[in-house]
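Chains B and F supply the protein sequences, listed in that same order. Per the working numbering, the very first residue in the first sequence carries number 31; after that it's consecutive. Per the working numbering, the very first residue in the second sequence carries number 31; after that it's consecutive.
Source of the hints: derived by calculation from the structure; they are not laboratory data. Quick caveat, the model's predicted, so the values are computed rather than measured. One thing to keep in mind: the hints can contain errors.
Note that the list lumps identical chains together, so a pair holds whenever it fits in one copy or between two copies.
Stated by the list, open to error - Straight-line alpha carbon distances no greater than 30 Å define the calculated DSS-like cross-link-like pairs of lysine-lysine that follow:
no., residue 1, residue 2
1, Lys306, Lys237
2, Lys211, Lys50
3, Lys215, Lys185
4, Lys32, Lys215
5, Lys32, Lys378
6, Lys373, Lys442
7, Lys310, Lys36
8, Lys256, Lys442
9, Lys36, Lys441
There are 2 protein chains.
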Amino acid sequence: MKILIKEVQQNEVITDVLIKDNRFAAIGAGLDGSGAEVLDGRGKAILPSFVNMHTHASMTLMRSYADDLDLHEWLTNYIWPMEAQLDEEDIYHGARLACLEMIKSGTTCFNDMYWHFHGIARAVEEMGMRAMLSSVFIDFNDPAKAREQQELTEKLFDEFRQYPDRIGFALGPHAIYTVSKESLKWVGRFAEENDLPIHIHLSETRKEVDDCLTRYGLRPIQWLEKIGFLGPNVIAAHTIHVTDEEIGILVRNGVKVVHNPASNMKLASGSFPFCKMQSKGVELSLGTDGCSSNNNLSMMEEMKLASLQAKLIHNDPTALPAHTAFEMATVNGAQALGLDCGKIEEGKLADCMLVDLSNHRLVPGYRLEDDMVYSADSSCIDTVICDGRILMQGGYVEGEEAIVTEARTYKKRFQ
Amino acid sequence: MKILIKEVQQNEVITDVLIKDNRFAAIGAGLDGSGAEVLDGRGKAILPSFVNMHTHASMTLMRSYADDLDLHEWLTNYIWPMEAQLDEEDIYHGARLACLEMIKSGTTCFNDMYWHFHGIARAVEEMGMRAMLSSVFIDFNDPAKAREQQELTEKLFDEFRQYPDRIGFALGPHAIYTVSKESLKWVGRFAEENDLPIHIHLSETRKEVDDCLTRYGLRPIQWLEKIGFLGPNVIAAHTIHVTDEEIGILVRNGVKVVHNPASNMKLASGSFPFCKMQSKGVELSLGTDGCSSNNNLSMMEEMKLASLQAKLIHNDPTALPAHTAFEMATVNGAQALGLDCGKIEEGKLADCMLVDLSNHRLVPGYRLEDDMVYSADSSCIDTVICDGRILMQGGYVEGEEAIVTEARTYKKRFQ
Numbered sequence: 031m032k033i034l035i036k037e038v039q040q041n042e043v044i045t046d047v048l049i050k051d052n053r054f055a056a057i058g059a060g061l062d063g064s065g066a067e068v069l070d071g072r073g074k075a076i077l078p079s080f081v082n083m084h085t086h087a088s089m090t091l092m093r094s095y096a097d098d099l100d101l102h103e104w105l106t107n108y109i110w111p112m113e114a115q116l117d118e119e120d121i122y123h124g125a126r127l128a129c130l131e132m133i134k135s136g137t138t139c140f141n142d143m144y145w146h147f148h149g150i151a152r153a154v155e156e157m158g159m160r161a162m163l164s165s166v167f168i169d170f171n172d173p174a175k176a177r178e179q180q181e182l183t184e185k186l187f188d189e190f191r192q193y194p195d196r197i198g199f200a201l202g203p204h205a206i207y208t209v210s211k212e213s214l215k216w217v218g219r220f221a222e223e224n225d226l227p228i229h230i231h232l233s234e235t236r237k238e239v240d241d242c243l244t245r246y247g248l249r250p251i252q253w254l255e256k257i258g259f260l261g262p263n264v265i266a267a268h269t270i271h272v273t274d275e276e277i278g279i280l281v282r283n284g285v286k287v288v289h290n291p292a293s294n295m296k297l298a299s300g301s302f303p304f305c306k307m308q309s310k311g312v313e314l315s316l317g318t319d320g321c322s323s324n325n326n327l328s329m330m331e332e333m334k335l336a337s338l339q340a341k342l343i344h345n346d347p348t349a350l351p352a353h354t355a356f357e358m359a360t361v362n363g364a365q366a367l368g369l370d371c372g373k374i375e376e377g378k379l380a381d382c383m384l385v386d387l388s389n390h391r392l393v394p395g396y397r398l399e400d401d402m403v404y405s406a407d408s409s410c411i412d413t414v415i416c417d418g419r420i421l422m423q424g425g426y427v428e429g430e431e432a433i434v435t436e437a438r439t440y441k442k443r444f445q
Numbered sequence: 031m032k033i034l035i036k037e038v039q040q041n042e043v044i045t046d047v048l049i050k051d052n053r054f055a056a057i058g059a060g061l062d063g064s065g066a067e068v069l070d071g072r073g074k075a076i077l078p079s080f081v082n083m084h085t086h087a088s089m090t091l092m093r094s095y096a097d098d099l100d101l102h103e104w105l106t107n108y109i110w111p112m113e114a115q116l117d118e119e120d121i122y123h124g125a126r127l128a129c130l131e132m133i134k135s136g137t138t139c140f141n142d143m144y145w146h147f148h149g150i151a152r153a154v155e156e157m158g159m160r161a162m163l164s165s166v167f168i169d170f171n172d173p174a175k176a177r178e179q180q181e182l183t184e185k186l187f188d189e190f191r192q193y194p195d196r197i198g199f200a201l202g203p204h205a206i207y208t209v210s211k212e213s214l215k216w217v218g219r220f221a222e223e224n225d226l227p228i229h230i231h232l233s234e235t236r237k238e239v240d241d242c243l244t245r246y247g248l249r250p251i252q253w254l255e256k257i258g259f260l261g262p263n264v265i266a267a268h269t270i271h272v273t274d275e276e277i278g279i280l281v282r283n284g285v286k287v288v289h290n291p292a293s294n295m296k297l298a299s300g301s302f303p304f305c306k307m308q309s310k311g312v313e314l315s316l317g318t319d320g321c322s323s324n325n326n327l328s329m330m331e332e333m334k335l336a337s338l339q340a341k342l343i344h345n346d347p348t349a350l351p352a353h354t355a356f357e358m359a360t361v362n363g364a365q366a367l368g369l370d371c372g373k374i375e376e377g378k379l380a381d382c383m384l385v386d387l388s389n390h391r392l393v394p395g396y397r398l399e400d401d402m403v404y405s406a407d408s409s410c411i412d413t414v415i416c417d418g419r420i421l422m423q424g425g426y427v428e429g430e431e432a433i434v435t436e437a438r439t440y441k442k443r444f445q
């Protein structure tokens with residue numbers, strides 16, 4: 031399968047881009063497109079599409095279900111009771127809505143953690159996206175529950191190979207306060223034996239840190255290093271409440287950190303110490319978290335929030351400039367997942383978007399990256415391609431009406 | 031002229047909305063629409079449109095021209111040199127682009143301050159919006175300049191009556207560090223004599239406060255009260271660096287305060303003390319500021335940023351809930367400008383928008399206000415009506431292509 035994008039703008043130059051199978055085969059003027067589906071790139075720019083590095087995709091079903099609440103009330107009275115009522119079919123519909131929303135806002139890959147693995151995997155397969163999926167692992171220090179979760183993990187790892195290789199498998203120990211030390215060690219071993227990433231919430235709240243100090247006399251990152259859990263395959267979300275020493279531990283172990291500015295602000299979790307993290311060399315990417323704490327999956331909003339928050343908390347208008355935000359939202363995430371995408375270069379996986387340069391949010395058009403970070407919204411995105419396949423064209427995703435119709439039924443069910 | 035919106039959702043109820051001339055004439059099921067232009071409201075909800083309470087609209091021409099810079103470098107090397115090259119015709123084109131962007135994101139009214147009054151007024155008149163326009167008044171303590179600015183103000187006040195009554199006239203003394211004490215007093219008198227609002231930047235940066243303390247031994251708000259400047263006609267933008275006593279002064283004088291979260295964060299101006307302001311009863315609304323410090327004019331982004339910033343800085347996830355943000359972005363702004371709009375009620379000015387409830391960002395749809403504040407973007411807005419006239423339908427604004435084409439020429443001119 032071939033796609034030829036004719037006369038598209040890349041880095042201020044008009045060029046052609048040829049995609050063969052799932053990779054960029056050639057970039058240059060006047061390419062031969064025989065046998066290719068030709069896309070008219072005139073008036074559009076090609077950019078790498080976004081990699082959303084921390085999601086609970088199916089929580090789209092909880093969008094605006096419970097906002098502006100104290101964390102405990104939010105979880106115990108709203109989120110957990112609703113989650114208890116959702117089965118694999120619900121999760122599938124929620125994930126379809128999430129995929130639709132991500133595609134519409136230029137995201138082609140996400141790093142997810144949620145229940146009902148197959149519900150999500152099926153949605154990702156059908157929607158044509160790329161994803162790293164992990165099943166949430168929670169045992170609440172109960173050995174029976176731990177065994178059950180281990181068996182489920184082994185079973186899912188066997189089964190996930192039925193999906194296309196756009197879908198990767200990761201381990202998803204929820205957090206240090208919901209998973210026992212023994213299970214964390216088991217997860218670490220299983221990941222090492224099978225060369226898998228680990229996706230975990232880490233140092234998200236002050237309570238998590240205080241409880242860890244009380245229990246082990248160590249802060250979360252110190253403790254995880256001590257038990258041998260940390261390594262370059264660990265993707266840690268949030269990671270707000272960290273000392274300089276802990277940042278050093280993250281760097282030493284090659285841990286990948288995902289910044290979630292909207293969620294951290296909405297839940298009042300705390301301020302992410304971006305400048306410290308960056309200056310010490312932590313590998314940083316961006317994620318939206320789930321729709322119950324955001325309430326959308328827009329990486330454009332997330333880039334802007336990351337940059338504005340860094341400027342505010344560091345009292346420095348030069349902190350986290352647009353280019354850095356754009357890299358965090360694209361190539362940094364791809365690298366953290368070990369994926370050969372996130373840049374428009376010959377040989378790379380063909381994940382990209384075409385933005386409409388005549389959209390009013392992108393004019394006059396002095397700096398496209400700045401416009402994408404500080405001004406754009408989903409209306410600027412015309413075409414989205416993932417793994418060499420067109421997922422959206424002219425702002426339209428095939429089958430979108432049915433996805434929305436199904437998702438709207440949850441209003442009646444839960445209101 | 032009559033418009034009948036049939037079977038539209040308002041507060042979860044399906045109803046008809048009849049607009050006669052420029053006001054909502056009737057709201058209820060089964061209204062008679064004889065002689066009216068009929069809009070199909072099915073699958074849509076009617077909401078008040080946004081009032082953007084602090085803009086420099088024509089700075090759309092500087093969108094993404096200079097980002098991530100130190101304030102001094104930003105102003106002296108980029109913003110001021112470009113401003114010096116812009117004439118009334120340029121300002122007209124910039125304001126047209128701003129109006130287009132505001133209409134597309136559901137805003138029908140804005141409170142502006144910029145050079146070349148007629149360039150902006152002409153754009154607003156043509157685009158059908160409502161606006162309160164002020165010409166920037168700056169004298170840098172130069173008496174000759176002061177006289178010139180006073181004469182210009184008097185001249186513009188005479189001339190502005192040529193525009194439709196959607197356009198109001200305000201005085202725009204830039205700030206206490208750019209306008210002399212004598213001129214501020216003159217502005218105050220002129221406003222009182224002619225019953226006009228005053229639009230001013232106030233306590234935006236720490237430097238402004240420090241300089242005022244050095245010069246007068248008083249903080250800006252203390253000093254403005256002392257010289258008799260403050261009153262219920264004063265609309266103060268930013269107003270970040272304030273003490274409890276100063277908040278008391280604002281309340282006592284009925285000063286209207288405009289929160290500009292994106293700009294305050296992007297320029298690292300500081301954190302707006304929302305909870306203190308609110309608990310003491312300051313009248314609060316929202317504004318985007320200009321596109322050089324935002325970089326867009328989206329009141330949806332501004333609502334989300336205001337809420338998230340308040341939650342973060344007050345360490346409280348219940349701070350600035352969605353309903354409050356929505357009121358700040360609509361009716362509060364209308365009230366501050368003395369306008370009878372901002373609510374969908376019989377007798378009110380017919381300024382409103384229809385949002386598409388089948389947009390993926392608004393599903394499942396548990397709480398529309400929460401969705402508008404935390405999830406929506408411009409793609410959710412289908413129709414915009416201002417002063418009883420349809421400005422956008424099906425997401426399309428008449429003549430939008432020409433506005434964009436003209437604005438794109440500035441890229442070549444300034445890059």
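To see whether the hints hold, each was checked on the structure:
1. When the C-alpha separation of Lys306 and Lys237 is checked against a cutoff of 30 Å, the pair qualifies both within a copy, at 22 Å, and between copies, at 26 Å.
2. With identical chains, the CA atoms of Lys211 and Lys50 are never at most 30 Å apart, being 47 Å at best within one copy and 69 Å at best between copies.
3. Taking the shortest alpha-carbon separations for Lys215 and Lys185, only the intra-copy value of 19 Å comes in at or below 30 Å, while the best inter-copy value is 78 Å.
4. Neither within a single protomer nor between protomers do Lys32 and Lys215 lie at most 30 Å apart by alpha-carbon distance, with minima of 45 Å and 70 Å respectively.
5. Taking the closest pair of Cα atoms, Lys32 and Lys378 come within 30 Å of each other only inside a single copy of the chain (15 Å); across copies the shortest separation is 57 Å, beyond that limit.
6. For the identical chains of this complex, Lys373 and Lys442 are inter-copy neighbours only, at 27 Å across copies versus 42 Å inside a copy, given an alpha-carbon limit of 30 Å.
7. Taking the closest pair of Cα atoms, Lys310 and Lys36 never come within 30 Å of each other, the shortest separation being 42 Å inside a single copy and 59 Å across copies.
8. Within a single copy, Lys256 and Lys442 get their C-alpha atoms no closer than 49 Å, and across copies no closer than 58 Å, so neither meets the 30 Å cut-off.
9. In this assembly of identical chains, the alpha carbons of Lys36 and Lys441 lie at most 30 Å apart only when taken from different copies (23 Å versus 43 Å within one copy).
The structure fails hints 2, 4, 7 and 8 (numbered hints given earlier, in ascending order).
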